[in-house]
Amino acid sequence: MTAKIALTNVHKSFGPKDVLRGVNLEVETGQSLVVIGGSGSGKSVMLKSILGLLTPDSGSIKIDSRETVGLARRGRADIDHQIGMLFQNGALFDSLPVWKNVAFRAIQNDGMNEADARDLAVDALKRVELGAELLDLSPAALSGGMHKRVGLARAIASKPEIIFFDEPTTGLDPIMTDVINHLIRNCVQELGATTVTITHDMTSVRAIADKTALLYKGEIIWQGTTDELEGSDDPFLNQFINGLAHGPIEVEGQKLDSAPSPAEAV
Amino acid sequence: MTFLATIGAFFLAFFAQSGRLAVFVGQTLAAMLRPPIYFRIIGQQIIRIGYFSLPVVALTSFFTGGALAIQIYYGGNQFNSEAIVSSIVALGITRELGPVLGGLMVAGRVSAAIAAEIGTMRVTEQIDALTTLSTNPHKYLVAPRVIAATICMPVLALVADIIGIFGGFVVGTQSFGFNAAIYVQRTINFLGVDDVTSGLIKAAVFGFIIAMMGCYNGYYSKGGAQGVGRATTNAVVSASILILAANYLMTSLLFSA
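From first to last, the protein sequence lines stand for chains Y and E. Note that the first sequence ends on residue 269 in this note's numbering; no numbers are left out. Note that the second sequence ends on residue 333 in this note's numbering; no numbers are left out.
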């Protein structure tokens, strides 16, 4: 099967800091990939590279077998059109009411009239279980959970083939986390979209992933299905999914298996 | 060696910044000329930049015109030339003080507001969101603000000219006892069309600089709230310096011929 998204040996550095050091990853059509990894492991840089917001120093990123690295913004307009993105904090436009946020792409790019755009926004909000009473509110009037759901509505409003989720449950309470995970799962199944989610929330991983990849120090060091994730004896993966302070993963220059254990410290 | 390295680092940073600004201006000019052009946003920005700056510009120019009249009256008094007050106020306001002071006031108000707004959009990923929604940020955010400021500033300068001359008229007639009809007649006789148009041309350039500095500093802001604050300060400082430098260059060009 041809991969919907394929990354081959992708490198990206910022000055002397190598953030991506040869990322190889494939996502098949209709698959839900979740990339996990600690803070600073390169998850966001990888996502922004796929979205074309950052240009890799070397390597290849193909979407539908089409090379996107080095493609000018105008050249990738048709690729962008099939992509939806949910940003970590929603990234809703403060100056626009909810309905214009949700129907932004249809209004700006497709020239949709206001009546149809409002209908589109109502439909998209219904998919994320929000009512039409929010349509004219400013994003500033929304709670954190609503912000995320309106952001999700905007991401799916144009029925994209590929959707990216950047830490979709960060900062939410456990109940809202579960709501968002279910909404993501339902929306993706309804649309049949291919999705890439970056997170370090293992609840989200178990709820939405078909396939999981662990990114560590700019490289994919493990990938497999959700079942394989639970049964793996990979020490890096085990440390991460079990949230252990001690193990082979270094945190901000400090290797924690060499740090004293809480018992030793007493 | 450390001293040389510091100088080298300074010049490298300067040239990198200049190059990035040149590319940014180029991208903005291309965005201003190529469709789609967002007329509705341009209209909104004309209201925000032009209409809401009117009170600030009007007050500044009124008091400046008045102060100028006082200075010229007492200066001219030493040579028994008090009668030149009306003509020098008109020339000073239309050629220099109207566009320059108006530009500096609008730079403080508008450049800061633009930098804060676009900077906040940058740090909250709204600009990235625009890009992923297939919308060019240069066309949607930058070009409308630059077009609006370039259109508004000459209008504001014209308002500043009229109110500044009026300020001089009020002081001249009320404080120094000039005859109102003679004051107006001297102003009309002495003021040429070129005096006014040169000021309006300057103002259009200042409008471009004000919006460009606000957009540029906001667009490249980073580091959260502190970064947005820094962008706002840089926008006002760089716009003010560039306005004064551009004023000198344009005055040399327009009046040396």
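These are calculated hints, taken from the structure and not from any lab test. Careful: at least some of the hints might be erroneous.
[Said to hold, decoys possible] With a Cα cut of at most 30 Å, we get these calculated DSS-like pairs of lysine-lysine: (1) Y:Lys129 to Y:Lys162; (2) E:Lys298 to Y:Lys103; (3) Y:Lys214 to Y:Lys129; (4) Y:Lys20 to E:Lys298; (5) Y:Lys51 to E:Lys298; (6) Y:Lys129 to E:Lys298.
[Stated by the list, open to error] Ranges of calculated distance between the beta carbons of each label pair, as one might list FRET restraints: (7) Y:Thr58 to E:Phe90: 45 to 51 Å; (8) E:Gly84 to Y:Glu231: 41 to 47 Å; (9) Y:Leu140 to E:Leu329: 48 to 54 Å; (10) Y:Gly18 to E:Phe79: 19 to 25 Å; (11) E:Gln302 to Y:Ser235: 38 to 44 Å.
[Unchecked claim] In silico negatives: residues of chain E with every beta carbon more than 10 Å from chain Y: (12) Phe79; (13) Phe91; (14) Ile123; (15) Tyr127; (16) Phe128; (17) Met181; (18) Met197; (19) Gln202; (20) Ala205; (21) Leu209; (22) Asp271; (23) Ser328.
Heads up, the beta-carbon is just placed ideally off N, CA and C, and yes, glycines get one too.
Against the structure, the hints come out as follows:
1. Y:Lys129 to Y:Lys162: holds, 14 Å
2. E:Lys298 to Y:Lys103: holds, 27 Å
3. Y:Lys214 to Y:Lys129: Given that 30 Å is the threshold and the Cα spacing comes to 28 Å, the pair holds.
4. Y:Lys20 to E:Lys298: holds, 18 Å
5. Y:Lys51 to E:Lys298: holds, 16 Å
6. Y:Lys129 to E:Lys298: Violated, at roughly 35 Å.
7. Y:Thr58 to E:Phe90: 45 to 51 Å: Given range 45 to 51 Å: violated, Cβ gap about 24 Å.
8. E:Gly84 to Y:Glu231: 41 to 47 Å: violated, 53 Å
9. Y:Leu140 to E:Leu329: 48 to 54 Å: Since Leu140 (chain Y) and Leu329 (chain E) have Cβ atoms about 52 Å apart, the given range 48 to 54 Å holds.
10. Y:Gly18 to E:Phe79: 19 to 25 Å: Given range 19 to 25 Å: holds, Cβ gap about 23 Å.
11. E:Gln302 to Y:Ser235: 38 to 44 Å: For Gln302 (chain E) and Ser235 (chain Y) the Cβ distance comes to about 42 Å; the hint holds.
12. Phe79: Per Cβ check, Phe79 (chain E) is outside 10 Å of chain Y; nearest 23 Å; holds.
13. Phe91: The assertion about Phe91 (chain E) holds, with a minimum of 17 Å to chain Y.
14. Ile123: holds, 13 Å
15. Tyr127: At roughly 17 Å from the nearest Cβ of chain Y, Tyr127 (chain E) sits farther out than 10 Å, so the non-interface label holds.
16. Phe128: Non-interface label stands for Phe128 (chain E): nearest chain Y Cβ at 15 Å, farther than 10 Å.
17. Met181: The assertion about Met181 (chain E) holds, with a minimum of 24 Å to chain Y.
18. Met197: violated, 8 Å
19. Gln202: Incorrect as stated: the minimum Cβ-Cβ distance to chain Y is 5 Å, not above 10 Å.
20. Ala205: violated, 4 Å
21. Leu209: Label violated. Min Cβ-Cβ 5 Å, cutoff 10 Å.
22. Asp271: holds, 40 Å
23. Ser328: Ser328 (chain E) is indeed farther than 10 Å from all Cβ atoms of chain Y, at 40 Å.
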